[in-house]
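> Going line by line, the protein sequences match chains U and L. Per our numbering, the very first residue in the first sequence carries number 40; after that it's consecutive. Per our numbering, the very first residue in the second sequence carries number 6; after that it's consecutive.
It cannot be assumed that every hint is accurate.
[Unchecked claim] Taking beta-carbon pairs under 7 Å as the criterion, some of the chain L residues facing chain U (in silico):
#	residue
1	G19
2	G46
3	P47
4	G140
5	T245
6	E255
7	T257
8	K346
9	L347
10	S359
11	V377
12	Q381
13	F427
14	Y430
15	L432
16	L443
[As the list claims (entries may be wrong)] These stretches of chain U come out as covered by chain L in the derived footprint (C-beta under 8 Å, 3 or more residues):
#	segment
17	64-76
18	95-104
19	111-120
The hints are simulated quantities; they were obtained by calculation from the structure and are not laboratory data. In this text, a Cβ means the ideal position worked out from N, Cα and C, and glycines have one as well.
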Amino acid sequence: MKLKEAVKVLRSKNAGVWHITIDIVFKNRELYEVAKAKLTKELFCELFSKEEIDYFRCDNLNTLKVSFLRDKAAGSLEDTDCLGANFYIPLMDIEI
Amino acid sequence: MVKALSLMGQLGYGYNKNSFLKGIGEGVDFVGVDAGSIDSGPYFLGSGNMKANYDATRSDLEFPLIESLKRGVPFIVGSAGYAGGDVHLSKFMEVVEDIVKDNKLHLKVCVIHSELEKDLVLKLFRSGKIRSYEGNPPLAEEDIIESTHIVAQMGVKKFMEALSLGADLVVAGRATDASIYAAYPLMKGCDPSLVWHMAKIIECGALCAKPASPSDALLGWIDGDAFYLMPPNETRRCTTDSAMAHALYENTNPFVIEEPDGTLILENARYEQFDDRTVRVSGAEWKEREKPTFKIEGAKFSGYRTIALMGIRNPDMIELLDSILEDVRDEALKMFQTQFKLTFRQYGKNGVLSDLEFDNRLHEIGLVVDVVAEEQRIAHKICSVVKSRLQHYDYRGRIATGANVAFPYSPAEIDMGEVYEFSVYHLVDEDLDRYFRLEEIEF
């Protein structure tokens, strides 16, 4: 099953000028637990070419959350996505 | 009990009049609205322009302000004029003054300034009181010097001072969103844990409801050992899920929210469905900091931008496009000795995800030639030359010798005006409250 089929919400957003945060809210407990076991911190680091990310498992919300520094500040000359609203795209088709 | 009405999540997006009237009819103690952010980029702080212009600001402010005054309910605006610098406050106050004049209103306004003098920021920097924010690059002296405006996100203290002076309207410069809503209930002695948690949720208006909207109102009230959330608009509901999920939004850490005067910890927060459209919340913890910490924001001028848009459909050219662009860039660098920044944005290929793009399907590219230089006419000239090089570039295997690209617009070059970039987004370990100036104005 693809990640996009298991979620209610899959979104990314800027958190201030320098950070991106991605919320992955699952449809139910079962899918959350499956994904939680499968989606490691290393996988997110690799997908976003980051050495370090913050990874939160929010059991009460059936939600996984990933936050990291962006390479360039929001709205800088070469930035492509000021609101950081498209950083979830590489996650959509991941198999869980 | 203290009851707050959040007009909407962002002043200027168009509020819901019926929701507002219904909400204020519930006997609220104050009305709040957040008017700013950094989300729309560095332009507004850098240039001094408001994001919601005069008309948008006036149409969201006029009726709710008049109705609040009629009922003796304080009206609190935070991050006025979007970026909350002194120039934004003056532009916002022009709107207020016109509303006052045209409606013959009498009121007391407290305007709170949180723009910082560069000399002060330099002094703080040199004494080691400014540090990175969650790992972002450290600040340098030139970042401060080059900034056109530097503001601090004020906490709750000056809002409280304004309310204790009897302000009917508080117009605050850059402020944390939650401070707008925390000041009044803290003054009334409510439990800070409940106050800050409620303030953090209601600052986005009905964004924490279902269906969600930042352009609609939300009621929040503190009663005993819990607070309650309910949208006045009967087509929306607050649910335990929608209220809980809101803690995730725009926040890097879902369990911890930092404010200048302390930290809100949500790990033990409890959410219960109180009635069909109301959620009851309790259990968060507030830890007061020994010394306050403020976030400061600055933006600097980076030049003038000219862009040109063109479509590329020929598969042979698309195949070679990266090397064509490299070649044209090299030529431009040789031709123009002046400082400039040339960015090619290839929409259809990797214009959104850039280096993270993984999908190689491709049949058409929307190319943006983006030039930033120190003068508008220089940016225009460079953009124009790069555009014409691409138009006539004789790539390998070229059979169409008319023009390589499709221009939707004449002229192809579009002058975009001033460009700014964020230069400061850091933390200050110093009590800045004493530098925030409070102005009392009687109308």
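> All hints, please: hold or fail.
Here is what the structure says about each hint:
1. The beta carbon of G19(L) is not positioned within 7 Å of any beta carbon in chain U (closest approach about 19 Å), and the interface hint is therefore violated.
2. At a threshold of 7 Å, the smallest CB-CB gap from G46(L) to chain U is about 3 Å, leaving the interface hint in force.
3. Against a cut-off of 7 Å between C-beta atoms, the interface hint on P47(L) holds, since the closest Cβ of chain U lies about 5 Å away.
4. Checking G140(L) against chain U by beta carbon gives a least distance of about 5 Å; that is within 7 Å, so the hint holds.
5. Contact between T245(L) and chain U, as hinted, is not supported at the beta carbon level, the nearest pair being about 10 Å apart and thus beyond 7 Å.
6. At a threshold of 7 Å, the smallest CB-CB gap from E255(L) to chain U is about 5 Å, leaving the interface hint in force.
7. About 4 Å separates the beta-carbon of T257(L) from the nearest beta-carbon of chain U, less than 7 Å, and the hint is met.
8. Here the hint on K346(L) is kept, as its CB sits about 5 Å from the closest CB of chain U, short of 7 Å.
9. Against a cut-off of 7 Å between C-beta atoms, the interface hint on L347(L) is violated, since the closest Cβ of chain U lies about 10 Å away.
10. Because the closest C-beta pair between S359(L) and chain U is about 5 Å apart, less than 7 Å, the hint holds.
11. A distance limit of 7 Å between C-beta atoms decides the matter here; for V377(L) the minimum to chain U is near 6 Å, and the interface restraint holds.
12. Hint on Q381(L) is violated. Least Cβ distance to chain U is approximately 16 Å, over the 7 Å limit.
13. Because the beta carbon of F427(L) sits about 5 Å from the nearest beta carbon in chain U, less than 7 Å, this interface hint is met.
14. The beta carbon of Y430(L) comes within 4 Å of a beta carbon in chain U, closer than 7 Å, and the hint placing it at the interface holds.
15. Interface restraint check for L432(L): the shortest CB-CB distance to chain U comes to about 11 Å, outside 7 Å, so the restraint is violated.
16. For L443(L), the interface hint is violated, the least distance from its beta-carbon to any beta-carbon of chain U being 26 Å, above 7 Å.
17. Coverage of the segment 64-76 of chain U by chain L is violated in this model, with 1 residues showing a Cβ closer than 8 Å to a Cβ of that chain against a need of three.
18. By the rule of at least three residues with a Cβ nearer than 8 Å to a Cβ of chain L, the coverage given for the segment 95-104 of chain U holds, with 6 such residues.
19. Restraint check on the segment 111-120 of chain U versus chain L: 8 residues with Cβ-Cβ distances below 8 Å, three needed, restraint holds.
In this structure, the hints that do not hold are numbers 1, 5, 9, 12, 15, 16 and 17, in rising order.
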